[in-house]
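Top line first, the protein sequences correspond to chains A and H.
Residues 1 to 275 in this note's numbering are what the first sequence lists, from first letter to last.
Residues 276 to 550 in this note's numbering are what the second sequence lists, from first letter to last.
It should be emphasised that the hints constitute simulated quantities derived from the structure, not laboratory data.
C-beta: ideal position from N, C-alpha, C; glycine also.
Be careful, since some hints might not be right.
Pulled a few chain H residues facing chain A out of the computed Cβ check, cut under 10 angstroms [stated by the list, open to error]:
| hint | residue |
| --- | --- |
| 1 | V335 |
| 2 | T337 |
| 3 | I342 |
| 4 | I343 |
| 5 | V375 |
| 6 | H396 |
| 7 | G412 |
| 8 | Y413 |
| 9 | F416 |
| 10 | V424 |
| 11 | A507 |
| 12 | L513 |
| 13 | R519 |
Here are a few chain H residues that sit away from chain A, every Cβ distance over 10 angstroms (derived from the structure) [said to hold, decoys possible]:
| hint | residue |
| --- | --- |
| 14 | R361 |
| 15 | A409 |
| 16 | D505 |
According to the in silico footprint, chain H covers these stretches of chain A (three or more CB under 8 angstroms from chain H) [what the hints assert, rightly or not]:
| hint | segment |
| --- | --- |
| 17 | 42-52 |
| 18 | 75-89 |
| 19 | 95-109 |
| 20 | 138-146 |
| 21 | 216-230 |
| 22 | 233-243 |
2 protein chains.
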Amino acid sequence: MTETHQTHGSVAPGVTGAVGRSVVGSPAPSVTGAAPLPESRDIPQATVTRLATYLRVLGVLTERGTIIVSSEELAAASGVGSAKLRKDLSFLGPNGVRGVGYDVTRLRARIERALGLDRGHKVVLVGVGNLGQALAGYGGFGRRGFSMVGLFDSDPARVGAPVGDLTVRHVDELEQACVELEATIGVISTPEEAAQEVADRLVRAGLRCILSFSPTSLDVPDHVEMRRVDLAVEMQVLSFNSARNTESVPTAPRVRIGHSAVPSTAPRNGSVIAP
Amino acid sequence: MTETHQTHGSVAPGVTGAVGRSVVGSPAPSVTGAAPLPESRDIPQATVTRLATYLRVLGVLTERGTIIVSSEELAAASGVGSAKLRKDLSFLGPNGVRGVGYDVTRLRARIERALGLDRGHKVVLVGVGNLGQALAGYGGFGRRGFSMVGLFDSDPARVGAPVGDLTVRHVDELEQACVELEATIGVISTPEEAAQEVADRLVRAGLRCILSFSPTSLDVPDHVEMRRVDLAVEMQVLSFNSARNTESVPTAPRVRIGHSAVPSTAPRNGSVIAP
DNA sequence: GCGACTTTGTGCATGGGTTCACAAGCAGTT
DNA sequence: AACTGCTTGTGAACCCATGCACAAAGTCGC
Chain A
1 MTETHQTHGS VAPGVTGAVG RSVVGSPAPS VTGAAPLPES RDIPQATVTR
51 LATYLRVLGV LTERGTIIVS SEELAAASGV GSAKLRKDLS FLGPNGVRGV
101 GYDVTRLRAR IERALGLDRG HKVVLVGVGN LGQALAGYGG FGRRGFSMVG
151 LFDSDPARVG APVGDLTVRH VDELEQACVE LEATIGVIST PEEAAQEVAD
201 RLVRAGLRCI LSFSPTSLDV PDHVEMRRVD LAVEMQVLSF NSARNTESVP
251 TAPRVRIGHS AVPSTAPRNG SVIAP
Chain H
276 MTETHQTHGS VAPGVTGAVG RSVVGSPAPS VTGAAPLPES RDIPQATVTR
326 LATYLRVLGV LTERGTIIVS SEELAAASGV GSAKLRKDLS FLGPNGVRGV
376 GYDVTRLRAR IERALGLDRG HKVVLVGVGN LGQALAGYGG FGRRGFSMVG
426 LFDSDPARVG APVGDLTVRH VDELEQACVE LEATIGVIST PEEAAQEVAD
476 RLVRAGLRCI LSFSPTSLDV PDHVEMRRVD LAVEMQVLSF NSARNTESVP
526 TAPRVRIGHS AVPSTAPRNG SVIAP
């Protein structure tokens, strides 16, 4: 993310991944270095993206009461190869039991810690249009360690309106509110004209993580991590692959749902928004 | 895509991984092979994702009346390095003039053709909740070669309602409508419980391209291209990078907006020829 | 017409990521 | 206790992708 983002980022959907330097961890122990932090290993960007996917699948397995899962099963459910999955998990250290498989709850906790989801991230969202409301109402956040703490918009008609259990506030209060609410992640779902200004304000407020749905690439300082999801890019990539597919498979292939072993493509990013 | 991508994207951005076979074009000329199809070259997946981004930037330049743009400027506006951009474009064959730069409109047309956007893709969308409405109202589609031709939902309260210049139809009419409308791309923005069934119906209707916003990885036949955008995944990747950043940079870094080497978009007038 | 300057297009080296194949390790059985 | 069967974890080869550096190719000025 995007890059390919994504990303992928891009990203991407069109996720274009963020800017970025390598994923490497802390170069120097520096001051904070009291805790050894066992999960501080270098984890490849691509692996991080997939870990999030595994996490979702593990959540489903937990609900079903599954106790143990093998790499083969988990890989199939996630749409990746089993070898890749095992290598991904190996970055977190030994997690499974040979000859048996992985303990679902233990693995889940392990990934959550590695992704930093045990910190209770607080999210502020700017731009409460259709997309913003879809995001605000998306229940998946709470279940995955995020809590929406603030909604902002510049339209007077929307300010004051209740969305979920929050009330929309005016964007002028953004900087101060971010500090008060101790927000750590900012989401931009405004029209693209306003995106850069909102990003600047979020940066001024001290946020270091921004997720943008604006098609334009925003300019932020190096220390701010920024991901962009461009819906049109996703469609265009789809269009390209479509052209290649219909070209190489002119005759209608028999429809055999069910197999698929390989879902389609998917480079980075993934996601979910349930309306 | 089951796994995401997107990408990742993403993406977006980052991301990525499709499963799948290489991006290569048709393995065998087969029957249709009369037309040489000059743009049938193998284009790397990562490059395809970025081409879509370049296309958006070129659109902005066109609106500004820019005639010629150099790789340096276009790259800066797109958030990538100039060498990467030139290499990406080289997959489409020679496009620019040495010592001068790229003709904006010509390059735009070239990329559109390569991505298959000159086919006038017709899109149907299933699930007209907040997200669905956001997508339906997203002006970017029309400007980029896509036209929304059908909206469907299973909620009787929503069926018959006008959204944009279309009227929401019941999902039971989906298969027949897809054929009548000659749709080529299907977008799924339903709650996740309904996603798989909708996907099956789209496949039965003959669609070969599906973009899903459901977090679950859907099962589709091999010949169907499927991309998935999972918002929660984007947030989690962001969370991870956040953890790494704040760890390696414990002291508050000075905020210096502006640098970033990657201007947002506009390559200020320079060698660019403005009318 | 010629030289200097600018910018594209690309060969090559480097690094990251994916995949294969297999050794290491544990449970259950004999 | 040893054997069998299964699954994890990983070493190593392959492949894609990134970025550098430069030659090729065009324009501009004189």
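Quick rundown of the hints versus the structure:
Residue-level restraint check for H/V335 holds (minimum Cβ-Cβ distance to chain A is 8 angstroms; threshold 10 angstroms). Interface hint at H/T337: violated, since its Cβ lies 15 angstroms from the closest Cβ of chain A, which is beyond the 10 angstroms cut-off. Interface restraint check for H/I342: the shortest CB-CB distance to chain A comes to about 21 angstroms, outside 10 angstroms, so the restraint is violated. Below 10 angstroms, beta-carbon pairs count as interface contacts, and H/I343 has none with chain A, the closest being about 21 angstroms; its hint is therefore violated.
A hinted interface residue such as H/V375 counts as satisfied when its beta carbon comes closer than 10 angstroms to some beta carbon of chain A; here the least separation is about 25 angstroms, so the hint is violated. With a least beta-carbon distance of about 6 angstroms to chain A, the hint placing H/H396 at the interface is held under the 10 angstroms criterion. Because the smallest distance between the Cβ of H/G412 and any Cβ of chain A comes to about 6 angstroms, under 10 angstroms, the interface hint for this residue holds. Nearest Cβ of chain A to the Cβ of H/Y413: about 7 angstroms, under the 10 angstroms cut. The hint holds.
Because the smallest distance between the Cβ of H/F416 and any Cβ of chain A comes to about 7 angstroms, under 10 angstroms, the interface hint for this residue holds. This hint is violated: H/V424 has a C-beta 14 angstroms from the nearest C-beta of chain A, more than the 10 angstroms allowed. Interface hint at H/A507: satisfied, since its Cβ lies 5 angstroms from the closest Cβ of chain A, which is below the 10 angstroms cut-off. Interface restraint check for H/L513: the shortest CB-CB distance to chain A comes to about 5 angstroms, inside 10 angstroms, so the restraint holds.
Interface hint status for H/R519: upheld, as the beta-carbon distance to the closest one in chain A is roughly 6 angstroms, under 10 angstroms. No beta-carbon of chain A comes within 10 angstroms of the beta-carbon of H/R361; the shortest separation is about 18 angstroms. Listed as outside the interface, H/A409 is inconsistent with that label: its C-beta sits roughly 4 angstroms from the nearest C-beta of chain A, within the 10 angstroms cut-off. The beta carbon of H/D505 sits about 2 angstroms from the closest Cβ of chain A, which is not more than 10 angstroms, so the claim that it is off the interface is violated.
Under the rule that three or more residues need a Cβ within less than 8 angstroms of chain H, the assignment of the segment 42-52 of chain A holds, with 8 such residues. Counting residues of the segment 75-89 of chain A whose C-beta sits closer than 8 angstroms to any C-beta of chain H gives 5, which meets the bar of three, so the coverage hint holds. For the segment 95-109 of chain A, the stated coverage by chain H is violated: 0 residues have a C-beta nearer than 8 angstroms to a C-beta of that chain, whereas at least 3 were required. Coverage of the segment 138-146 of chain A by chain H holds in this model, with 6 residues showing a Cβ closer than 8 angstroms to a Cβ of that chain against a need of three.
Look at the segment 216-230 of chain A against chain H: 13 of its residues bring a Cβ nearer than 8 angstroms to a Cβ of that chain, three or more, so the hint holds. Judged by the Cβ-Cβ criterion of 8 angstroms, the segment 233-243 of chain A is covered by chain H as claimed, because 11 of its residues qualify and three suffice.
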